[in-house]
Structures are given as C-alpha cells and as structure tokens.
Amino acid sequence: MRLSYVFVTMITLLFLGACRPDPPGPTNSSGNNPWLIPDNEVRDGGPGKDGIPSVDDPVFTMIESSSKLLDDNELVVGFKYGNITRAYPHTILDWHEIVNDKIDDLSFSVIYCPLTGSATIWNREYDGKTGSFGVSGLLYNTNIIPYDRKTDSNWSQMRLQCVNGERMGDHPETFNVVETTWQNWRKMYPSSEVMTTNTGFNRDYGRYPYGGYRTNTQLIFPVSNLDDRLHAKERALAVIVDGTARGYPISALGESELDDQITVIQEEVNGLPIVVAGSAGRNLGVAFQRQLADGTLLEFEAVNSGDNIVLRDQEGNEWDVFGYAINGVRQGQQLQRVESFIAYWFAWGTFYDDLSLYEE
Amino acid sequence: MRKRTIFLCILLLFGGIKYAKSQACCSGGVPISSNLGLASKGIGALQFQLTYDYNTLRDLLAGRTKLQDRSRIRNTHSLLLESSYEFSSAFSISALVSYVRQERIIHTQLGTDDITINQGLGDAIVLFRYTLFSNKPELPFSVIVGAGPKIPLGNADHTDKRGIILPADLQPGTGAWDGIAWGYFVFQPSSFPNLTFSTNTTYRITTPNQRFNGQQAYRFGNEFQVQSGVSYRFLIQSLILDPMLIFQYRTVSADQVNALVLDNTGGHWIYARTGININLSPKNAVRLMADFPLYRDLVGTQLSTSFRASISFYHSLSLSKKKPFPIN
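So the sequences go chain by chain: A and B. Mapped onto the numbering used here, the consecutive letters of the first sequence carry residue numbers 297 to 656. Mapped onto the numbering used here, the consecutive letters of the second sequence carry residue numbers 14 to 341.
Bear in mind the hints are in silico, worked out from the structure with no lab data behind them. All figures in this text were calculated on a predicted structure; none of them were measured in a lab. Please note: incorrect hints may appear among the correct ones.
[To be verified] Okay, the calculated beta carbon distance ranges per label pair:
id	chain 1	residue 1	chain 2	residue 2	range
1	B	Ala272	A	Ala598	49 to 59 Å
2	B	Asn271	A	Asp401	29 to 39 Å
3	B	Asn271	A	Glu360	39 to 49 Å
4	B	Trp190	A	Asp524	53 to 63 Å
5	B	Gly76	A	Glu611	49 to 59 Å
6	B	Gln223	A	Thr513	13 to 23 Å
7	B	Ala230	A	Thr592	54 to 64 Å
8	B	Gln223	A	Pro569	15 to 25 Å
9	A	Gly539	B	Asn271	25 to 35 Å
For glycine and all other residues, C-beta sits at the position ideal for the given N, C-alpha and C.
Just need the whole structure built from these sequences, with the hints factored in.
Pasting the structure below:
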C-alpha cells in the first residue's frame, strides 16, 4: 500500500504543478474595466485575442493581372483615396477580419465581420501616431469587437464606438466603403489594386469558413433583439443618422435580383435629406447626403453607364459610387458623408431597435 | 449461443456507427471516453486507475494539410480517476471522474502571449459492464461490453476574469448528458502466452447543453473511437514489463449550435499510441503512454493534437476471499 501512496502523491503533485496560477501581464488585460454595452452580452467567440490574425502588411496586385483571382459573384470591399482604389476580397477578409493598410498619408483599417456581414473602414491614427486594430476574439450581438493595439481598448464595429478601455466612448473616424461583386468592381475600377492572398499567413482562402451560415437563418451566438421582417442574412445598406437607422435591402434596389440598372431613392432619414443609389444585380448600395456644404440641395437621377458613375444631379454633375463629382461644374467635389454601410438584416435589427425598413 | 448473438449485434452496431458518422468533429479535448478500459480481474475485484493526461494541440490543419502556423496552442491537462468493481463473473460497474485544466495560448501580433486558463471538476462516466466471455484455457479471450451515462458534473459556464463566459471547448465540463457504449476485447494466444491483443471501442452519443441562459444549445459531435493493439510481456530482474503499441481511430461528427452545423469541427484521426506497463507488484502498476498523430482528415480548418502523453497509476484490491487475480 505504501507504494500506492507514493504514486498517488506523485501524480497529484504533477497535476498541481500544471495548475499554476494564471500568469500576470497580457492575460485578459482589459481587467475589470467597465463596458458601455451589457457585459453579459459580450461573448468569447473561441479563437481568442489575435487568434484570428489581422493582416498588417497587405500585398496588392493590379486588377488587370488578377481577373481570375475571384469568381465574378464574390464580394469585395472597395476603398478610394486620392487616385488610388483598392479592393479587399471577402474571401480573404473571412479569414482575417481586419486589414491594417495605408495609402499615401492615410493609415486605415478595413474591418469586416463575417458573422454580421458588415464592412467598415476606420482611421487608425490616434494622438498623432499610427496605431492598428486587431481581432479581440470577442463579440457583441455576434458582431466583431476589434481592439486597438495602442490602448488595448475594445470597440464595437456596428455600434461605431469604443465600448471598453481607455478610449471608451470615442467614435472612430469612418470612410466611405463600397461593397459589390468582383465583376462589378472590375467594370467600375479596371485600374484598381486588389489585395492578394500573400498575407503572411497560411490559410485555405478558397473555402468559406462558416459553412452554410451566410445563406441560412441560423445565428451562432444569441443577439439581444431579432428583427424577422426579412431573411436574417439579407444584405441591407443602412443609413444611420443620430442613432436612428433605416435599412435598404439590396434586393429592393431593382426590379429583380438580376437587375443591374441603378435605382435611386431620395428621402429623409431623421430629418436629413439623403440619396441611396444601388443595384440588386450589381450587389451594390451606397448613400450620401443630398445637401452640399454650400447649402445646395441636389436632386438626383440614376446613371446607367455601367462604370463607376451612378448619379446625375439637376446641375448636370455626374457622381461616382464614392460620392465624387467626376464630370460637371462641381468636378472634384465630394458629396457629404452620411454614416452608412452594408450588413446582414438581423444585425441591423439587433443594433438599432427602431430600425425602419425601406419598402418599394 | 445467445451471448454470441448479442456480441455480434454489438459489433455490427459499432460497425454501422463507424460508417454512418462520416461527417466529423472538434479536435479538442478531455479524453474521458478514451480512458475507459479496466480489464476484468475476477469477482470482488476493486480496481483504481489514476491518470494524468496531457494533450497539446499545436498543429493547424486545413483538411489533411498542415498549415504553416504556430500562433495558437491549446493544452488540456486532465486528471482522471477510474475505478471498477466486479459483482459477479458477469456484472461489474466502473466509474470515471475527471478534473480538467484548459489552456488557450495565443502568440499575439504584438509579440506577447495572450493566455486563458480555466480549470475545474470535469464530467464523469458511470459504466455498467457485462462480461460476455471471460478468459479460460479453452477460450483464451475476454469480451466485455458496457453502457452508461456521461454525467455533466463539470461546469460549462465558467467565465474569464472579465466575467465573459468562456467558449464551450474551454470549459471543464460539457453541461450535457451523453450516452456511452463501450466494448473491450482481449485475446492471449495460448501458443504465445506473453502476447496480448486487445481492442477497446467507445461510442459517445451527445445531447445539447444550454448556454447563455438557454439562448444557445451547443452540442458537441458524436464520437466513435476504436483502439487496437498488442503488448508483449517480459521480465527485467523482478520487474514485469508490458510494452505496447496501439493504433487508435477516432471520428467525431460536427458540433452544432441550435440547428446550425458548425464548420471547422469534426474529422477523422488515426494515432499511434506507444507505451509501457510497469508491473511493480501483483496489485500495482504504472503505465506510461505517448500518442502521435499518423493521419488527420479534418472538416475545415482546426487545431489538432500534436502530441499527447499520459501517466497512470493502477492499484487493485480483492474484496473476495478467493485467490488473488493475475496482473493486467
């Protein structure tokens, strides 16, 4: 029996040795800081902090040499700064969720959440220095919580606010994003750059990592409010004005899902005159303010040239999908931004309780 | 004849399961079902086995392809206590309790490590066993079958320091009742009495747990595994040693959240398990085991076991007045 005691003691000590206390330092370094959102609705998605690695040194190629890179119907997130346009394929963003990029003097982060289908682009300059965002591994209402690597603060992407940490309460500076199909992006910006799979990481980019998620009605994590007026994964552009959101399903921007003609909607959201332009067939939807900084209220009609020009105003100016006047007396001007981006319908419903739905 | 019919039915059942569950699983975890398997020692035998099991997941695989990525580590340390008691030549009961420590280590892009650790009492298994055949000179093999519940003793709602509920595969328990079917076959050929062939088969059918106040039903995938191997007994001075080589096939179906089948969970694994049983006395033994993956075919992209090792201490008592039973 003495031998038994020896071995039991040995095994127990071995195990206790493994059960050392949590090490200090970066472990859960947000500590007990308060959250602006209900902390019991913050979920650990599983991979952990940086377990889904952001791409910090993206590599681009010219679109001419990469037309076969993606299937025509794959979606890309497009961005324009100065004369440079870049496309970030969903097929890469599905695996990394954040790309920390730079064009000229502008450092920005492309932030994409595969679970809410939402893409935003945020400035990553802070306090005169360039920072970066990473994937915290946390979710709020099943939406990505990026963290900024300068202050370790946690941000809610769809709430567009820092919700935990030193910068709690801050709002990110956002930029216009254009999401559309690869085929349409190539037509609109044939000289664009496109991000390649040369990310520094070894991933199976040809495979969507969430199975049937983007087409079924199921959610992986619970959300606080479920709006069932549309299919949960219907893609919708929403315009947010002073915390009020109005959703425009992409499928409503045309006679049918194959309709690649541009549809224009002009109305007010929370008292603000806005214009929505998009096409169900081109899987495209963008929104701008109709009033210019000089007080001029523009009336728009659709332009169906097939390229990046989608709007014409009463003065004859033609505007592209990023809101730049390409032709006319206002050439070079940009329409004033209104906060807007595309996400799955359920996500809009859970983040904005009073979400209204545009219906034809 | 009746016994043989039952035995054949069970084999067919297990064989059927093997082909029906071609889908697959999460690579994690707590190896409670693979540690079932105390042999029959005779009426009145009370056996204990204490095992420390270390399972480290460092290989990121996409299907069968190992990706060049060493950014994540998942470790599971398990302390498993299995005991069994034989009421008669046919009936016995065994129970296994666990204590589990889960670790998630990520080498962040800032160059630091983000470490999450969770530990606690794990789940337990109670197995009601029936001996179909027991080893006799004219019939040199034993067959034991068993079934029982996996009891959710372990917590499945532990939180991190911030109060955020950890994911299901970082919990010490599953929070769900499962059903376990188990079969054990051992054969000692009379012409080579030092050789022992054995097969240990386990099937676990799972049920969903309720997470986030019932808002999410998480169900781990069903699991089937079979371990077949051979051991050879020899003496070094007064020490009886049984080195062994075992091949383990394991298949797990995909996890589910509510009605959603989770991608990147499930798969097929084949491991080589090598080890040695050191019989210190007729009633005490130590077993050392190490597992190495030979083949992995996973659904999607998953971390998978790179290496697993365990050390077990075995002790037996006889509560009957009959002659002492032989060593394992």
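Hints, one by one, checked against the model:
| no. | hint | in the structure |
| --- | --- | --- |
| 1 | B/Ala272 <-> A/Ala598: 49 to 59 Å | violated (41 Å) |
| 2 | B/Asn271 <-> A/Asp401: 29 to 39 Å | violated (47 Å) |
| 3 | B/Asn271 <-> A/Glu360: 39 to 49 Å | holds (45 Å) |
| 4 | B/Trp190 <-> A/Asp524: 53 to 63 Å | violated (32 Å) |
| 5 | B/Gly76 <-> A/Glu611: 49 to 59 Å | holds (57 Å) |
| 6 | B/Gln223 <-> A/Thr513: 13 to 23 Å | holds (20 Å) |
| 7 | B/Ala230 <-> A/Thr592: 54 to 64 Å | holds (56 Å) |
| 8 | B/Gln223 <-> A/Pro569: 15 to 25 Å | violated (48 Å) |
| 9 | A/Gly539 <-> B/Asn271: 25 to 35 Å | holds (31 Å) |
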